[in-house]
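**Student:** Sequence:
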Amino acid sequence: MEITDKNENEIYTVDYNKNSNTLMFGGNNQKCTIFDTASNYKISEIEGFTDSVIFVKHLQHDTYLICTLDGNILITTSKEEKYTLCINEEISFVEFFNNTLIIGTMNFVIYKFDIDNNWSLINQTIHFGHSSEIQQIKYDNNLIYSLSVYSFIVFDAKTSTCLLKHKLMNSICFSYIPNTELYCIGTHEYILFYKSTNLINKIPMEGHPECICYLNEYFVVGGYFNYLILINTKMNLQTYKISIETTGINKIIPILNYTVAFSTLCGFVGTCDIRKSDSIQLFETKVDVIFDFNFYKNIFLLEV
Numbered sequence: 004m005e006i007t008d009k010n011e012n013e014i015y016t017v018d019y020n021k022n023s024n025t026l027m028f029g030g031n032n033q034k035c036t037i038f039d040t041a042s043n044y045k046i047s048e049i050e051g052f053t054d055s056v057i058f059v060k061h062l063q064h065d066t067y068l069i070c071t072l073d074g075n076i077l078i079t080t081s082k083e084e085k086y087t088l089c090i091n092e093e094i095s096f097v098e099f100f101n102n103t104l105i106i107g108t109m110n111f112v113i114y115k116f117d118i119d120n121n122w123s124l125i126n127q128t129i130h131f132g133h134s135s136e137i138q139q140i141k142y143d144n145n146l147i148y149s150l151s152v153y154s155f156i157v158f159d160a161k162t163s164t165c166l167l168k169h170k171l172m173n174s175i176c177f178s179y180i181p182n183t184e185l186y187c188i189g190t191h192e193y194i195l196f197y198k199s200t201n202l203i204n205k206i207p208m209e210g211h212p213e214c215i216c217y218l219n220e221y222f223v224v225g226g227y228f229n230y231l232i233l234i235n236t237k238m239n240l241q242t243y244k245i246s247i248e249t250t251g252i253n254k255i256i257p258i259l260n261y262t263v264a265f266s267t268l269c270g271f272v273g274t275c276d277i278r279k280s281d282s283i284q285l286f287e288t289k290v291d292v293i294f295d296f297n298f299y300k301n302i303f304l305l306e307v
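Under the working numbering, the final residue of the sequence shown carries the number 307; numbering is consecutive throughout.
Bear in mind the hints are in silico, worked out from the structure with no lab data behind them. One should not assume that every hint holds.
[Said to hold, decoys possible] Simulated restraints, written as ranges between beta carbons of each label pair:
(1) MET172 to SER123: 33 to 43 Å
(2) VAL290 to LYS21: 16 to 26 Å
(3) ASP39 to GLU184: 25 to 35 Å
(4) GLU48 to ASN121: 23 to 33 Å
(5) ASN91 to VAL292: 23 to 33 Å
(6) THR242 to ASN121: 25 to 35 Å
(7) SER282 to ASN121: 45 to 55 Å
Beta carbons are placed, not taken as given, at the ideal position from N, Cα and C, and that holds for glycine.
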């Protein structure tokens, strides 16, 4: 199925609800569209925003979370608004996990909210310590892992306490192993490995990384090179490469125990079983640039 925009607007965010078969997406046309994929019918178009829609999420069957570039956060149904808030800062990154919303801003600040049963944002905490735009956030077990160009910081989500800080240069992306203090950070020059406060290894890069994910004892790295980098965390960070016939991998997500899906900046998506060097499957799309994607069963949902 293909949903096209006759005005050729860019789509920055997409979310799919498998239970209701609804797809919601938004972009630079300052709208959020909700689409029934079973009937190929547009359910609703939420308008009135003053900037690009950069994040959407199904909260329930007919309740949605929408964030815009200029700092507006909206919880709404297709018929009425439930809650709205403006943080008066441009948003650079959004993370959502188990009814916890984490917002990173262009002004180096991180906001954390919980969503209650009345669809209100509560328990706000504000986290300072970065000196540049927030590029990536992960949330796990009441910890906020955050990356900007010059810093990697771990915060206590409840108290805003800075638990760990590494000063960096030209950082781009990161991942970590849950329930450990092993962090993998990609910069323009290196892939860095920290165990808590200690730098334990660094790998020089030929072409800079764009994304890292952790999967079953491996860090998987993609970027501006024609291969995936596999780093075995159980074998002294031994490194392998799987060649691919494209470059510019900008997102990798785990989809099975040893299988990842990935998107590129040149219109290809693909999958790979990291145990097999010949398992790469590439699929050409009809678009030039894929900003982001989601994967459900065997379906790529592209943001282009």
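**Student:** Determine which of the earlier numbered hints do not hold for this structure and return their numbers in increasing order.
**Tutor:** 3 and 6
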